[in-house]
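Throw the hints in and build the complete structure from the sequences for me.
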Amino acid sequence: MQLITMMPETRNEKRETRSKILLPDIQFIKRVKKESNSDLKACMQCGNCTVVCNLSPEENPFPRKEMIWAAWGQKGMLIADPDIWLCHQCGDCTSNCPRGVKPGNVLASLRSQTIEYYANPSFLVKWLKKWWMLPVTVTIPMIIIHLILIIAGTLTITPDPVNYSAMFPHALLNSSFSILALLMIVGIVFSIRSFWKGMVKGYRLSGFEPESQSSVKERSPIKSGMTEKATSIIKTIWQVKKELLAHKKFKDCETNKFRHLAHAMVFYGFVALIVVTLFAILSAILGNYPMPFLNPVKIVGNLAGLSIVVGLLILIFQRLIKKDAVSSSNFFDWSFLISILLLVITGFFTEYARLVNDHLGYYWYLFHLIIMWYVILYLPYTKFGHMVYRFVAMVFVIQTGRK
Amino acid sequence: MQQKHVLVIGGGISGMTTAIEIAEVGHEALLVESKPYIGGKVVQFSQYFPKLCPPQCGLEINFNRIRNNSRVKILTSARVNSMEGSKGNFKVQIMKKAELINSKCTACGKCADVCPVERDNTFNYGLDKNKAAYLPHEMSFPFSYTIDESACLRNECKKCLDVCEYDAINLDAREELIEKTFHSIVYSTGWEPYDAGEIALLNYGNHPDIITNVEFERYAAANGPTAGHIIKPSDQSAPKTIVFIQCAGSRDEKHLSYCSSVCCSASLKHALIASEKLKQVKILIFYIDLRVSGRNEDFLKQVEEDENVELIKGKAGKININNNKLFVEAEDILSGIKTKTESDLVVLATGIQPSLLNSKLPKDDYGFLLNDKLPEGIFASACASKPLDVSASLKDATAISLKAIQN
Amino acid sequence: MEKKLGIYICSGCEIGKSIDMAALEKVGSVSGEHLCRTHAKLCLAESVQNIQEDIKKEHLEGVIVAACSPRFFTKEFSFNQLTERVNLRELVAWSHEAKDADTNMLAEDSLRMGLAKMKSILSPTPFIPDQSSSEILVIGGGISGITASIEAAKAGYKTILVEKNKLGGWSNHLHKQLPMHPPFDYLEKPLISQKIHDVKTQEKVEIHENSSIKEISGQPGEFRVVIKQEEKETKRKVASVVLATGWNPYDAEKLTEFGYGQNPNIITNLDFEKMAKAGPVLKPSDGEVPKQVLFIQCAGSRDKNHLPYCSNYCCGTSLKQALYIRESSKETSVFIVYKDIRTAGKLEAFYEKVQHDDQVFMTKGEIGQLNLQGDRILVDVHQTLLGDNIQLEVDLIVLAIGMTPQNTEDLNLKYRLGKGLPELKYEFADSHFICFPYESRRTGIYAAGSVRSPMDISSSMEDACGAMLKAIQCAEATKRGEAVHPRSGDLSHPEIYFSRCTDCKRCTEECPFGTYDENEKGTPIPNPSRCRRCGICMGACPERVISFEDFNVNAISEMIKAVEIPDEFEEKPRILAFVCENDAYPAFDMAGQKRLKYSPHVRIIPVRCLGSVNNIWISDALSKGFDGILQIGCKPGDDYQCHFINGSDLTEKRGENIQEVLEKMMLENERIKTVFVEINEYDKIPRIIDDYVEEIELIGPNPFKDM
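Residue numbers (the numbering used here), protein chains in the order written: chain A, 2 to 404; chain C, 160 to 566; chain E, 28 to 734.
Please note that the accuracy of each hint is not assured.
BS3-like mimics (lysine-lysine), calculated; alpha carbons at most 27 Å apart, straight line [what the hints assert, rightly or not]:
id	chain 1	residue 1	chain 2	residue 2
1	E	Lys441	E	Lys259
2	C	Lys562	E	Lys216
3	C	Lys318	E	Lys68
What the hints contain is simulated information worked out from the structure, not anything from laboratory work. Note that this is a predicted model, so its numbers are computed, not measured.
This is the structure:
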């Protein structure tokens with residue numbers, strides 16, 4: 002946490018660092034415009050978006066300021082801006098914008114660019130954002146899985162009745178997935194580290210308050226002292242975790258009421274599946290696997306999967322009917338939705354095949370695993386990463402004293 | 160000089176000006192107005208900006224110019240039915256509505272005294288009531304009572320008929336078709352305030368203390384529903400905070416995508432009036448850009464110096480009604496704060512929308528008539544062709560007068 | 028010889044119920060010569076017909092209609108004989124107790140006053156210049172002047188267009204023009220070359236380029252104009268004048284805070300426009316394409332140290348110029364720092380259009396320090412919408428400078444009151460009236476375009492039409508001998524009885540419209556068609572030698588004398604009220620309509636303007652025994668509402684002289700009071716009257732009563 006000590010304690014310091022020549026990044030403007038499908042330059046800075054946003058805080062609210070930063074090509078300010086992560090993309094701002102410039106889409110695009118910026122290695126994000134790189138990005142997990150199975154020599158073992166662990170032994174599965182998860186976590190840690198650094202730097206450089214406005218409260222300085230900091234960070238994390246789990250913020254959205262439900266279905270479904278998976282791993286180690294169909298854990302797992310599918314279908318349906326009004330619909334966004342949908346559906350097929358003893362199940366299982374790898378391996382680089390980024394940004398925001 | 164006959168449609172201040180200016184050159188003008196009186200919107204205003212002078216003053220001069228000029232004729236309660244022909248020879252049919260009270264009326268007021276029916280006073284945008292037989296306002300021109308056809312009980316009542324000494328009332332009057340030929344035609348059909356109810360987040364219509372700027376004019380006017388007292392309509396008390404919301408509908412592609420160009424100055428005026436009348440009041444004006452033109456900048460200065468008034472950059476896009484209280488939400492952009500202001504009275508600066516939205520004449524995307532697309536000899540002036548304040552409207556109305564008398 | 032009058036008293040609308048009609052008829056029949064009739068409904072067509080027949084049969088030379096206010100049934104009660112209205116309805120019956128002795132006295136006095144006035148007035152004979160011209164002079168050959176000439180020609184009027192350089196004015200420098208057609212978001216080709224072509228091929232326009240006005244003398248209908256082109260002088264006679272001399276850019280040299288003059292790459296929007304017209308926009312320092320251009324809006328406008336007003340054109344112009352650069356150089360970025368973007372009306376669409384350009388960056392902000400380091404200029408901008416103070420590095424700065432009006436002394440009027448138009452705020456030759464944008468204090472001379480008010484091209488073209496209409500109107504009205512606005516159609520005009528004139532110059536100084544010139548001795552030379560018939564000169568004249576046929580010192584004095592003053596023991600004070608007929612009189616009418624009651628001791632004399640009140644009336648009234656005198660008129664001051672500019676102001680100024688009169692007569696100051704009301708303040712009328720009556724009652728009766 003040594004980064005925090007870089008925070009300014011006095012305004013003078015802040016002012017010095019501030020007199021920096023402002024240069025618009027025109028490529029950035031073009032990219033945001035394209036990605037968000039928004040005429041963001043036409044923003045006339047009325048602040049209506051800020052007003053209608055129920056998630057925007059009182060001090061230095063968003064997204065009006067993000068809109069002018071984007072219009073002025075201030076990439077540096079934006080990628081260091083935790084506020085874009087406070088947006089849950091409900092579309093209230095977009096549907097009420099008097100100039101029709103879709104601030105919600107712009108923020109979504111800014112988030113994806115932030116992920117891209119901090120991701121390590123960042124070329125992965127660039128790949129994952131392009132639909133024509135899909136063969137490459139899908140081939141990687143495919144090759145890895147096949148290599149594992151070829152090396153293990155179990156690829157061709159497909160006994161009757163269907164027994165997936167014969168093809169992919171549990172030990173191999175668990176250990177390879179553990180390595181995979183570790184890799185993913187390392188990716189996240191690196192990305193998040195630079196993200197945090199970036200936000201700290203941005204905080205230091207900014208000083209949004211015009212000096213003449215005495216009414217504006219001084220930014221509360223970050224508390225010093227290691228122990229205090231540590232406890233406060235832990236507290237904050239706990240608070241944010243609670244907030245995210247409760248999905249409170251979504252409830253405030255007005256334009257897109259269904260989103261709350263849909264997002265919650267996907268989110269909780271996912272959480273449940275993670276828990277179920279841990280159980281499964283545990284029971285696999287203990288040897289009583291696969292569980293019978295009516296095992297409570299199994300039931301929870303199936304219900305969770307169903308919940309994800311329904312939630313996703315709602316989200317997809319909404320994107321299709323209100324294409325421009327609410328959300329952007331680029332590949333970054335779609336690939337995220339579809340990969341999860343495929344993941345769950347292939348899971349169901351795999352399970353179904355085992356129950357009816359259909360040998361196609363082995364293919365489904367492979368397919369399922371490949372998508373699983375795709376999702377987990379690329380998590381820090383896809384929209385999936387938003388969970389982590391949002392979490393960190395919210396921690397940062399609370400740490401810097403924002404309400 | 161060959162005398163020409165010009166038809167002016169719409170008897171607001173612009174149409175009136177066009178007709179008079181043409182007549183004073185020496186031509187003839189017929190002014191057709193659908194209401195029972197001429198003067199249009201400005202007679203409902205309390206004061207003009209930036210002089211804060213009463214509109215009635217200039218109206219009286221114009222009425223005098225009409226009284227003393229036999230070349231200008233007015234036809235109230237009338238509408239143009241049809242027109243054909245071309246420049247120099249327009250044949251126009253005008254439908255004069257049934258006149259239940261005719262020009263014999265001396266405005267003695269006896270009919271209103273006995274009239275048993277009450278109606279919404281349209282002159283005050285329905286903020287109070289008056290009789291079905293009524294004088295629209297103190298300076299109605301022509302100075303004559305009129306009967307609201309839709310409210311009058313006709314032959315079931317007839318009380319007014321009995322008291323009128325001048326034989327001025329005929330409850331069985333029929334409409335009348337008038338046909339005339341004109342050299343040219345001027346549309347001075349003016350504007351209507353944009354319907355604030357269309358802007359859902361502003362909650363207009365859901366709380367009595369959310370009013371529009373044109374309604375505010377009536378509250379501020381001495382001859383208005385409160386005799387010039389600025390009040391909270393909900394409980395008639397004096398408001399302690401008033402918030403003005405600029406661009407309520409204007410500069411918004413979902414409503415009026417153009418700038419109505421008068422609302423800034425109008426709200427500045429309202430703020431000064433409220434500050435002057437209420438003394439102890441906090442007034443906030445939320446704006447996107449303050450658009451006052453030319454030397455009206457001094458007027459803006461005057462408002463900036465008023466201790467009761469604060470101008471805040473940021474559109475107030477939302478009014479929350481909570482526990483029957485009003486909370487106006489905006490981003491105070493220059494302070495970087497999202498504000499929530501509890502307000503006793505909220506005035507929505509609604510914009511100007513052309514009256515002739517449904518006409519088949521050539522219009523721009525906003526519904527304003529397009530002078531260079533109109534047939535030769537037909538013109539649109541002032542707010543029929545673009546959003547303008549009074550002074551600019553009259554400049555335009557005078558300019559169009561020249562076009563209308565060209566050969 | 029006394030005129031034979033027809034006196035018609037109406038008893039309708041409660042008049043008969045309120046007033047003793049028999050007694051009133053007796054007043055009307057005092058002189059057996061006259062015809063006096065009472066009618067229950069005088070306004071009905073039959074009654075009016077009867078009056079007309081009487082006029083013919085009985086050879087009436089004048090008609091008195093004692094009925095409602097002259098503001099109603101005006102057209103019905105206008106006969107081809109002199110007509111006087113006595114207001115028995117609003118001012119008597121509706122505003123006082125019915126069947127009351129005081130009300131009766133008021134009604135009788137009102138009729139007496141009407142009769143007295145009739146004795147001393149005549150039907151006016153119009154003044155028509157002998158050889159009035161129909162041509163119109165247009166000064167200034169910019170977009171406004173050219174438009175004025177073309178549009179006048181289309182209406183059949185010949186114009187003489189005088190331009191000091193060559194036709195076109197500032198418009199000649201335009202590269203492109205702001206949108207005037209739907210969808211209002213694309214730049215248009217400048218109109219000026221087409222306009223110049225049109226005006227040059229227009230038969231009815233006589234063009235004088237490289238010429239100036241040496242002198243304008245005379246009056247509407249017969250202005251004598253001397254046009255000077257180098258040594259050549261041309262004389263023309265015109266009926267009226269349109270002044271369209273336009274504007275000058277604000278002196279950029281004064282804008283040191285924006286670095287003008289300190290770096291060749293800081294230029295004005297005009298320099299920029301010229302550059303764009305000539306070719307691509309380049310940096311003056313090295314002829315290179317600029318990479319970062321900054322437009323500073325309101326450079327010297329909306330600024331108390333420079334021009335306090337908004338020039339209206341600069342926002343649109345800078346947006347337009349931003350597009351010029353973007354079109355000529357794709358890699359150049361444009362910054363616009365503004366106070367407010369003012370693209371009123373449909374121009375909003377163009378603002379949005381310019382915003383769409385990826386490389387145009389706009390923010391509200393205050394320009395701070397400029398750091399001029401050779402080719403790069405660092406500019407601090409405070410209070411921006413980016414939430415912070417920012418610093419821009421630019422290599423070209425364009426200052427959006429404002430408009431100042433051309434000096435109106437270019438008119439070279441040979442007027443007693445000066446060569447130019449009396450200027451209003453910030454030297455623009457504008458009207459002071461919201462309702463009458465072309466109102467001019469020099470009759471027959473109408474300002475158009477940016478000499479009148481800061482405006483852009485489309486607005487100037489409109490303005491040219493408006494001003495030209497007024498000029499044509501003035502030409503036609505003068506031919507008929509009629510006054511122009513606001514007493515349009517008035518045929519009366521001032522006449523001076525010169526043998527008693529003392530050359531005191533009061534009239535020549537006080538006439539707000541410059542009607543009077545002076546000879547070397549200081550004797551006034553009237554120019555009746557410059558006159559607006561307000562009567563201020565009449566009020567000013569200490570010798571009372573100025574009169575109108577239907578409104579003169581004598582007539583009002585007779586009215587004052589006609590009032591019967593009860594002696595002091597009756598405790599019935601008498602107040603004389605001079606009421607301005609423009610705003611105050613209608614307010615009295617409305618008080619009557621609302622049946623507001625006030626003291627019946629007041630006798631009202633309507634006047635054309637408070638400025639027309641001659642002090643002799645006041646001393647007449649005091650000598651006659653009036654206890655107090657009220658003068659009620661329009662609001663004076665900076666935001667005056669006086670229809671004749673300074674009538675109310677003059678009343679206040681002349682008050683000093685009146686105090687002298689009072690002192691001489693050893694009377695209290697309070698016996699004369701001036702009150703200003705607005706037309707809609709009818710509710711205040713009773714308080715004004717009653718308070719004053721009370722005040723006078725406290726002072727006690729006028730000691731001159733019995734003399």
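Each hint tested on the structure:
Restraint check for Lys441 (chain E) and Lys259 (chain E): satisfied, since their Cα atoms lie roughly 20 Å apart, inside the 27 Å limit. With a C-alpha separation of about 23 Å, the suggested pair Lys562 (chain C) and Lys216 (chain E) falls inside the 27 Å cut-off, and the hint holds. Distance check on the hinted pair: Lys318 (chain C) and Lys68 (chain E) sit about 21 Å apart at the alpha-carbon level, within 27 Å; holds.
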